[in-house]
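A.B. asks: Given next are the chains, with one letter for each unit.
2 protein chains.
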Amino acid sequence: MTGLVNLKNIVLIGAGNVATHLGLALKDNGYRILQVYSRTIPSASHLAGKLHSDFSTDLEKINLKADLYIISVPDDAVGELVYKIKLKDRLVVHTSGSLPMDILKNSSSNYGVVYPLQTFSKTRKVDFEHIPICVEANSKLGLETLKRFAGTISGDVRDVNSEQRKKLHLAAVFACNFPNFMYSISAEIVKQANIDFSILRQLIKETAEKVMELDPLEAQTGPAKRGDQKIMEKHLEMLKGFPEFKEIYQLLSERIEKGRTK
Amino acid sequence: MTGLVNLKNIVLIGAGNVATHLGLALKDNGYRILQVYSRTIPSASHLAGKLHSDFSTDLEKINLKADLYIISVPDDAVGELVYKIKLKDRLVVHTSGSLPMDILKNSSSNYGVVYPLQTFSKTRKVDFEHIPICVEANSKLGLETLKRFAGTISGDVRDVNSEQRKKLHLAAVFACNFPNFMYSISAEIVKQANIDFSILRQLIKETAEKVMELDPLEAQTGPAKRGDQKIMEKHLEMLKGFPEFKEIYQLLSERIEKGRTK
Numbered sequence: 293m294t295g296l297v298n299l300k301n302i303v304l305i306g307a308g309n310v311a312t313h314l315g316l317a318l319k320d321n322g323y324r325i326l327q328v329y330s331r332t333i334p335s336a337s338h339l340a341g342k343l344h345s346d347f348s349t350d351l352e353k354i355n356l357k358a359d360l361y362i363i364s365v366p367d368d369a370v371g372e373l374v375y376k377i378k379l380k381d382r383l384v385v386h387t388s389g390s391l392p393m394d395i396l397k398n399s400s401s402n403y404g405v406v407y408p409l410q411t412f413s414k415t416r417k418v419d420f421e422h423i424p425i426c427v428e429a430n431s432k433l434g435l436e437t438l439k440r441f442a443g444t445i446s447g448d449v450r451d452v453n454s455e456q457r458k459k460l461h462l463a464a465v466f467a468c469n470f471p472n473f474m475y476s477i478s479a480e481i482v483k484q485a486n487i488d489f490s491i492l493r494q495l496i497k498e499t500a501e502k503v504m505e506l507d508p509l510e511a512q513t514g515p516a517k518r519g520d521q522k523i524m525e526k527h528l529e530m531l532k533g534f535p536e537f538k539e540i541y542q543l544l545s546e547r548i549e550k551g552r553t554k
Numbered sequence: 293m294t295g296l297v298n299l300k301n302i303v304l305i306g307a308g309n310v311a312t313h314l315g316l317a318l319k320d321n322g323y324r325i326l327q328v329y330s331r332t333i334p335s336a337s338h339l340a341g342k343l344h345s346d347f348s349t350d351l352e353k354i355n356l357k358a359d360l361y362i363i364s365v366p367d368d369a370v371g372e373l374v375y376k377i378k379l380k381d382r383l384v385v386h387t388s389g390s391l392p393m394d395i396l397k398n399s400s401s402n403y404g405v406v407y408p409l410q411t412f413s414k415t416r417k418v419d420f421e422h423i424p425i426c427v428e429a430n431s432k433l434g435l436e437t438l439k440r441f442a443g444t445i446s447g448d449v450r451d452v453n454s455e456q457r458k459k460l461h462l463a464a465v466f467a468c469n470f471p472n473f474m475y476s477i478s479a480e481i482v483k484q485a486n487i488d489f490s491i492l493r494q495l496i497k498e499t500a501e502k503v504m505e506l507d508p509l510e511a512q513t514g515p516a517k518r519g520d521q522k523i524m525e526k527h528l529e530m531l532k533g534f535p536e537f538k539e540i541y542q543l544l545s546e547r548i549e550k551g552r553t554k
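Protein chains in written order, with this note's numbering: chain A, 293 to 554; chain B, 293 to 554.
Looking at chain A on its own, in the form it has when it is part of the complex (with noise of 0.2 Å):
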């Protein structure tokens, strides 16, 4: 790579939720997805269809002559991967929150990581437009050129490196994951009480909006940041008959009492 090169062709590696997300993504925007590798056919040729791309199940015959390797296979699967694609100076990226880029070394000189920030589901589609595309290379060109490339599908690319990336990945967890457990627990909540869990949507909504604004911490409400201990009693002595929902509600309310009288 001698100099700041428009990324046109791309091979994607893996047919998982973020390599078909990404990939319609980038076919919207005018790159041309050459190939896609999958374990099985199944998987590579349904992904290969959506996106008008040759497929493939054999690492041997991955096809040499893209701008881009994108692999977007399980965690995992990185580490083996690497070994048996040699790209020898093309640029190769993972989209792992967890992953460091280093872990790419073995597959080509040129790489680095796209990670876009979202939780991706099969059924949903997503507006790349506003993710959060987190960009690491192993060189500035390479930086350069990926930031480029990013900067063409979100109008939110930043630079993370692998240290700081692994912290965000966890983050993610308590941003998404954790929260919506709690709302699966609030819709067993109501279901038990014969409530339709649909009156929790607003709230859920409402909620969430806050925080594009407003300091998570600011915004903080209930029981537990009021202090209002004879609501929590209350709200412990209905969570007799859940003793696991009881023991969250508990630890929960603690900590965010702890934080209030910090």
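Don't take every hint at face value.
Identical chains share a label here; the pair holds if one copy fits it or two copies do between them.
Taking lysine to any residue pairs in the SDA-like style, the calculated list, with each CA pair at most 20 Å apart, reads [what the hints assert, rightly or not]:
1) K439 x N298
2) K550 x E539
3) K497 x S413
4) K458 x M393
5) K417 x D448
6) K497 x P392
7) K417 x K497
Bear in mind the hints are in silico, worked out from the structure with no lab data behind them.
Since chain A is already given, all that's left is putting chain B on it; use the hints.
C.D. replies: Leaving out everything else, chain B in the frame of chain A:
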């Protein structure tokens, strides 16, 4: 109360977040707030100024000519208040999630509950149109009257009895207060990594948006849901410096995993 009446003139007892947002929504929808009661002159006069109403800090001077009395004070204060306000058969409601309706029986022979299920902050304007309003009354006529009333400010009015409302209030802690607390932990983690909290906002928003359509159980993602022990171990290792977050991570991940294998 002898027939289905239109409630036009309202007295607000309380001047906190709920009273303020509800009062403003009522005024915007053509209701006349006759009077605001609060214990202190600054808070009573401040809200009265916004609502173009009279105010009082003396319960003996409550205007007795209103069609509806809305008690919106901290839960702890309601029990004592109702002994001091004698309204005969005027319709009186409280706005509390956790108090039974019957706590009002010492104030009037016509009473009920109007509970807007939302998180209210001083600084943030709220659109009542989509807020579920839970109503209950001690007579059929009262219930019809309150449903019609609530329907003028919200498109989502629901019959919820005291027993259900109590559980709904508990569910709201899991749907709102705890997710927000998770956001604040994620904010703390990215701060330690020198990353601005704004990077997490789209993820938080999308996580909430997902359950506008999906059941939270279907929407669950993340290492615990996948049973990805390696990532969870890495995360716990990273949380060594935050023992309080570590305990929360461990408990919630265990519970998510347990749900997975059910």
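A.B. asks: Each hint needs a verdict: does it hold in this structure or not?
C.D. replies: Each hint, compared with the structure:
Proximity of K439 to N298 under the C-alpha cut-off of 20 Å is restricted to the intra-copy arrangement: shortest distance 11 Å within a copy versus 61 Å between copies. Proximity of K550 to E539 under the C-alpha cut-off of 20 Å is found in both arrangements, the shortest distances being 17 Å within a copy and 15 Å between copies. Taking the closest pair of Cα atoms, K497 and S413 come within 20 Å of each other both inside a single copy (18 Å) and across two copies (14 Å). Taking the shortest Cα distances, K458 and M393 sit within 20 Å of each other inside one copy (11 Å), while across copies they are farther apart (50 Å).
For a Cα distance limit of 20 Å, the shortest separation of K417 from D448 inside one copy, 18 Å, qualifies, whereas the shortest one across copies, 28 Å, does not. Taking the closest pair of Cα atoms, K497 and P392 never come within 20 Å of each other, the shortest separation being 34 Å inside a single copy and 27 Å across copies. For the identical chains of this complex, K417 and K497 are neighbours both inside a copy (18 Å) and across copies (14 Å), given an alpha-carbon limit of 20 Å.
Hint 6 from the list above is the single one not met by this structure.
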